[in-house]
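S.K.: Okay, here's what each chain looks like letter by letter:
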Amino acid sequence: MSDPTRLSALELGRLVRAREISAEEACRAHLARAHEVEASLHAFLDLPDARLLEEARAIDARIAAGEELSPLAGVPVAIKDNLVTKDQPTTAGSRILAGWRPPYDATAVARLRRAGALPFGKSNCDEFAMGSSTEHSAFGQTRNPWDPQRVPGGSSGGSAAAVASRAATLALGSDTGGSVRQPAALCGIVGMKPTYGRVSRFGLIAFASSLDHVSPFARSVGDIAELLAVIAGPDPLDSTCSQEPVPDFSRLGAEARRFRFGVVDGALGEGVAPDVRREVESAIAALERAGGERVEVALPHAEAAVATYYVVATAEASSNLARYDGVRFGHRATDPVSVQDMMMRTRAEGFGAEVKRRILLGTYVLSAGYHDAYYRRANRVRSLITGDFDAAFASCDVVVTPTTPTTAFRLGEKTSDPLAMYLSDVFTVPANLAGLPGISLPCGLGDDAMPVGIQLVGRRFGERDLLDIATRLEHEIGFGTKHAPPR
Amino acid sequence: MAVSEEEVRGLARLACLDLSDAEVASMTGHLTRLLGYVELLQRIDVAGAPETTHVGDAGLLLREDVARPGYPRAAMTAGAPAAEAGLFEVPRVIASRGAEATPGASDHDDDELAP
Chain H
1 MSDPTRLSAL
11 ELGRLVRARE
21 ISAEEACRAH
31 LARAHEVEAS
41 LHAFLDLPDA
51 RLLEEARAID
61 ARIAAGEELS
71 PLAGVPVAIK
81 DNLVTKDQPT
91 TAGSRILAGW
101 RPPYDATAVA
111 RLRRAGALPF
121 GKSNCDEFAM
131 GSSTEHSAFG
141 QTRNPWDPQR
151 VPGGSSGGSA
161 AAVASRAATL
171 ALGSDTGGSV
181 RQPAALCGIV
191 GMKPTYGRVS
201 RFGLIAFASS
211 LDHVSPFARS
221 VGDIAELLAV
231 IAGPDPLDST
241 CSQEPVPDFS
251 RLGAEARRFR
261 FGVVDGALGE
271 GVAPDVRREV
281 ESAIAALERA
291 GGERVEVALP
301 HAEAAVATYY
311 VVATAEASSN
321 LARYDGVRFG
331 HRATDPVSVQ
341 DMMMRTRAEG
351 FGAEVKRRIL
361 LGTYVLSAGY
371 HDAYYRRANR
381 VRSLITGDFD
391 AAFASCDVVV
401 TPTTPTTAFR
411 LGEKTSDPLA
421 MYLSDVFTVP
431 ANLAGLPGIS
441 LPCGLGDDAM
451 PVGIQLVGRR
461 FGERDLLDIA
471 TRLEHEIGFG
481 TKHAPPR
Chain V
488 MAVSEEEVRG
498 LARLACLDLS
508 DAEVASMTGH
518 LTRLLGYVEL
528 LQRIDVAGAP
538 ETTHVGDAGL
548 LLREDVARPG
558 YPRAAMTAGA
568 PAAEAGLFEV
578 PRVIASRGAE
588 ATPGASDHDD
598 DELAP
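Taken in sequence, the protein lines are chains H and V.
Here my numbering is used: the first residue of the first sequence is 1, the next is one more, and so on.
Here my numbering is used: the first residue of the second sequence is 488, the next is one more, and so on.
Worth flagging that the hints you see were computed from the coordinates, not collected in a lab.
Glycine is no exception: its CB is placed at the ideal position from the N, C-alpha and C atoms.
Any given hint might turn out to be false.
Output of the computed footprint for chain V on chain H, the stretches with three or more beta carbons under 8 Å from beta carbons of chain V [said to hold, decoys possible]: (1) 101-112; (2) 188-200; (3) 307-319; (4) 342-348.
With beta-carbon atoms standing in for the labels, derived distance ranges [to be verified]: (5) H:Val-337 <-> V:Ala-509: 44 to 54 Å; (6) H:Glu-255 <-> V:Pro-559: 32 to 42 Å; (7) V:Ala-569 <-> H:Ala-322: 53 to 63 Å; (8) V:Ala-534 <-> H:Glu-68: 55 to 65 Å; (9) V:Leu-547 <-> H:Ser-282: 37 to 47 Å; (10) V:Leu-549 <-> H:Thr-334: 37 to 47 Å; (11) H:Arg-277 <-> V:Glu-493: 39 to 49 Å; (12) H:Gly-99 <-> V:Glu-571: 10 to 20 Å; (13) H:Leu-53 <-> V:Leu-549: 26 to 36 Å; (14) V:Arg-560 <-> H:Leu-53: 26 to 36 Å.
Some chain V residues near chain H, calculated using beta-carbon distances under 10 Å [said to hold, decoys possible]: (15) Arg-500; (16) Glu-510; (17) Thr-564; (18) Ala-565; (19) Gly-566; (20) Glu-576.
Based on the sequences and whatever the hints tell you, model everything.
M.R.: If you want it as structure tokens, here you go:
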């Protein structure tokens with residue numbers, strides 16, 4: 001029997017449904033691999049072997065009883081720890097939620113269970129998804145499977161490291177400013193942020209509600225399309241979740257077609273490392289071979305995207321994180337003398353430095369006297385950025401940039417300089433501000449033998465088209481057939 | 488845009504965060520640098536640009552107004568640090584005069600930075 005950790009999700013699911021391999025065997029193989037790499041990577045915050053094996057056996061029982069499960073039957077899917085899981089520890093990487101067990105599942109997790117997939121442990125992340133390296137987790141940093149001296153990216157670094165190291169076949173993360181696409185790029189896998197409203201946010205612990213997206217990771221475009229198909233679609237529990245029907249994501253790349261891709265003016269210029277530029281240019285040539293016609297597009301307001309993002313996101317975060325007050329869940333400071341004292345000390349003890357920094361910045365930009373100059377102005381610039389994309393899509397089907405300006409940086413390299421960390425999101429935040437779907441594909445290795453990602457951004461609810469073009473590019477590049485993490 | 492330590496203490500009160508002196512000093516430096524960067528928004532011509540109030544075209548969606556069962560009360564209070572008789576338990580909310588002059592505790596100064 002082939003090693004289940006080396007199979008694609010679609011292949012593993014096929015074998016499980018055909019009862020050629022049991023979900024339990026698949027689970028055991030992934031548990032063994034996860035424990036093997038955990039000491040060097042620390043991808044997981046919770047990985048309960050007995051419970052997962054029991055859940056895997058329940059999947060086998062459903063198949064034995066004749067239930068038609070989805071193509072992801074028995075496939076282990078690591079769950080970022082800011083997605084709530086019923087009765088299972090959920091911390092969002094924060095001490096303030098240590099010990100909390102949510103009373104319900106996030107919609108995306110519930111849909112995985114219904115589909116017969118196996119939610120596989122809780123993966124590490126920056127605290128409340130605030131970070132680009134997973135170094136801001138309260139429970140230890142995750143390391144990059146390609147080089148443990150480097151970051152896996154973030155904030156969904158545990159999910160990315162788990163999939164890249166074959167500890168899980170698939171993973172869910174959340175992408176607020178690039179938190180899935182950026183770690184996917186840095187770990188050499190595929191990460192996709194769907195259109196805002198495509199996937200329910202119910203049960204995603206809120207960081208910035210207008211920017212947060214539940215988002216999938218996989219090692220191939222075909223696998224990520226299937227994972228998206230399972231979690232997408234209307235949900236009465238999230239008023240921002242769209243009624244837009246979910247298209248059929250099968251037969252990607254099957255029909256001969258031409259398409260246009262727009263290369264963003266300046267996106268391969270100053271600020272992009274020469275090796276990243278080289279690999280992305282090579283991927284652009286592959287897009288042309290795959291049937292694409294190159295056009296040049298401009299996103300004139302994208303230079304303001306990071307500034308816009310850090311005003312809007314921190315404003316929303318300062319409001320969303322007001323709920324952590326020591327009353328309803330998680331940590332409470334000991335022996336409070338009053339409610340005010342309890343809240344002040346609970347939050348001081350429970351939140352890490354990056355979360356405090358963003359709460360303070362968000363409080364500042366929303367405070368009287370500064371609200372118009374920062375928050376309201378940023379929301380006007382946000383509309384301009386959305387308008388830039390609308391104009392670009394008049395001449396192309398997808399917009400192309402590097403996913404990140406550099407390959408994975410070294411542990412500790414940017415922790416003392418928040419702004420340097422924030423600027424690593426320069427290519428990913430515009431799609432969050434505009435609510436557009438974006439995908440990062442591994443396209444080559446940099447001078448340091450670390451993966452480089454190329455990002456394609458598509459039209460609103462244009463995931464089918466985006467995945468179709470990504471499939472053609474993936475086929476042309478063949479990254480997965482040439483490269484893998486060293487161990 | 489330089490931020491003073493006093494302003495940071497005011498923000499911390501508004502945000503209900505008890506910061507140490509070392510944290511105040513470090514946050515003051517970081518906030519000054521971050522707000523300095525964010526200043527570039529002031530150079531963008533936003534004339535005629537509407538504020539984004541929701542993402543996408545759909546606007547706010549409403550579901551059918553149908554009563555549905557909620558989560559069991561016991562399950563929702565089970566994760567609380569202190570609960571009793573189906574209620575969240577908290578310390579005394581109204582302090583006796585003089586005993587609890589916690590800064591920022593007033594109901595009416597929430598929108599103002601400390602002078």
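S.K.: Going through the earlier hints one by one, which of them does the structure break, listed in rising order?
M.R.: Hint check: 5, 6, 7 and 13 fail, others pass.
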